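Peer 1: Using the hints, position chain B against chain A.
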Amino acid sequence: MTACTVAVDAMGGDRAPGEIVTGALRGVEELGIQVLLVGREEEVTPLLPSPLPSGVSVLDARDVIAMDDEPASAVRKKKDSSMVRSAQAVRDGRADAMVTAGNTGAAMAAALLRMGRIKGVARPAIAVPLPVPGHGYQLLVDAGATTDVSPEWLVQFAIMGREYARVRLGVDQPTLGLLSIGEEPGKGDELRKLAYPLLQAVPGFVGNVEGRDFMRAETVDVVVTDGFTGNVALKSLEGALRSLASLVFGVFESSPEAKAAGDVVMPMLLDAAEAYDPELTGGGVLLGVAGVCVISHGSSSANAILKALAVANDAVRADVPERVREAIANAR
Amino acid sequence: MPAETHVERGPLGPDDVLAIIRERLAEILDIDETLVMRESRFSEDLEADSLALIELVEALEEELGERTVGFSVEDEDLVDLATVGDAVDYVMARLQVASAGS
Chain A
1 MTACTVAVDA MGGDRAPGEI VTGALRGVEE LGIQVLLVGR EEEVTPLLPS
51 PLPSGVSVLD ARDVIAMDDE PASAVRKKKD SSMVRSAQAV RDGRADAMVT
101 AGNTGAAMAA ALLRMGRIKG VARPAIAVPL PVPGHGYQLL VDAGATTDVS
151 PEWLVQFAIM GREYARVRLG VDQPTLGLLS IGEEPGKGDE LRKLAYPLLQ
201 AVPGFVGNVE GRDFMRAETV DVVVTDGFTG NVALKSLEGA LRSLASLVFG
251 VFESSPEAKA AGDVVMPMLL DAAEAYDPEL TGGGVLLGVA GVCVISHGSS
301 SANAILKALA VANDAVRADV PERVREAIAN AR
Chain B
1001 MPAETHVERG PLGPDDVLAI IRERLAEILD IDETLVMRES RFSEDLEADS
1051 LALIELVEAL EEELGERTVG FSVEDEDLVD LATVGDAVDY VMARLQVASA
1101 GS
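Protein sequences, first through last, are from chains A and B. Anchor point for the first sequence: position 3 equals 3 in this note's numbering, and the numbering is continuous, going up by one each time. Anchor point for the second sequence: position 18 equals 1018 in this note's numbering, and the numbering is continuous, going up by one each time.
Quick caveat, the hints were computed from the structure, so don't treat them as lab data. These numbers were taken from a predicted model, which means no experiment stands behind them. A few of these clues could be false.
[To be verified] Taking beta-carbon pairs under 8 Å as the criterion, some of the chain B residues facing chain A (in silico): (1) ASP1030; (2) GLU1058; (3) ASP1075.
By construction, the Cβ of each residue, glycine as well, lies at the ideal position given by its N, Cα and C atoms.
Next comes chain A alone, as it looks inside the complex (with noise of 0.2 Å):
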């Protein structure tokens, strides 16, 4: 089987390109992949050793789309960014995916412009995994990329998210549940009620599951909601477990007694912690996609891109836009 090429825009996410650029060549080195480094040649070549080692290559691309630009009218306006680039090499079957740190609504734009949309799908939906204590992973779909959504749209975020958790979750029979205000069918807005029973003619959906299910083993593989609500729970996730480990960590600061015993624990906290660390979780998937698109966290460092390209070089062996085409097709 020959090496999968990841496409890597280097010049996105608050550490570009240092940690991106020392991502990439772990990738290389760790995972047996080869990449497209996309990005400003001046700043991406002095990052890498002399000679180039095989399995590394760049792409010249001019722009930059930054964090804060509108994402449609940035893909449209910076044709030659490392952004749109990366998504083009795609296309053009220069690579066989792509990874990126930057703008997530850019991203989005770019994968959809330039790779397409899988037939019959009405908008991409990013699945990101969130750790579950001693069990893995549970994906949250949509995470970010489609804030206003129909009814019959949350049925293709269902698809799709159980169709990538038999690839990210390896469970073969995905269950599913929608994000709401009550477990009961009648409880929710209008868009949940309406979305329900639709999503009872989906295999493995249970029903509603609340915020406070996520992250928990007996719950569901795959919670299904709106881009809005998904990013708001995912940020609120990120924020309620950065302020527990302060409360944590200040409460071994408080006396010399608990110094000490936080010095005999605190080595397994950390280790533990770990899973929650959002730069380890490899980053979203855009499914709906004609490709494969891995969005990874905005301030990922170098571990974070060498997870990334893990996930995309998975998403590529598995052939997940296919996969997902056939599940849409199928539910047609």
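Peer 2: Structure of chain B alone, referenced to chain A:
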């Protein structure tokens, strides 16, 4: 050159542009082409959001740009296009501008 190909590559009229928009929009919105008419309103009748319109613009630039060098759509002009007919008229005007410039 076969006659059919020659006709296909000749100057585009409003009906040709309407046919292209109809085909591309139906594909993007996953609806039947017959639902896309000259008087159809993008938002109210076809439920096309801003991203769908950007997809349409990109598709038109790709297809029409191959025929008429320099054809492009200004994003700022999109807000003035309420119906499919508006888009056809706009595209015709832009095609003329591009032809005059080349």
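Peer 1: Return the status of the interface hint for ASP1030(B): holds when the least beta-carbon distance to chain A is below 8 Å, violated otherwise.
Peer 2: 6 Å, holds
Peer 1: Hint validation: GLU1058(B) versus chain A, beta carbon distance must be below 8 Å. Holds or violated?
Peer 2: 5 Å, holds
Peer 1: Taking the least C-beta to C-beta distance, is ASP1075(B) closer than 8 Å to chain A?
Peer 2: 6 Å, holds
Going down the numbered hints, you'll see the structure goes against none, and every one checks out.
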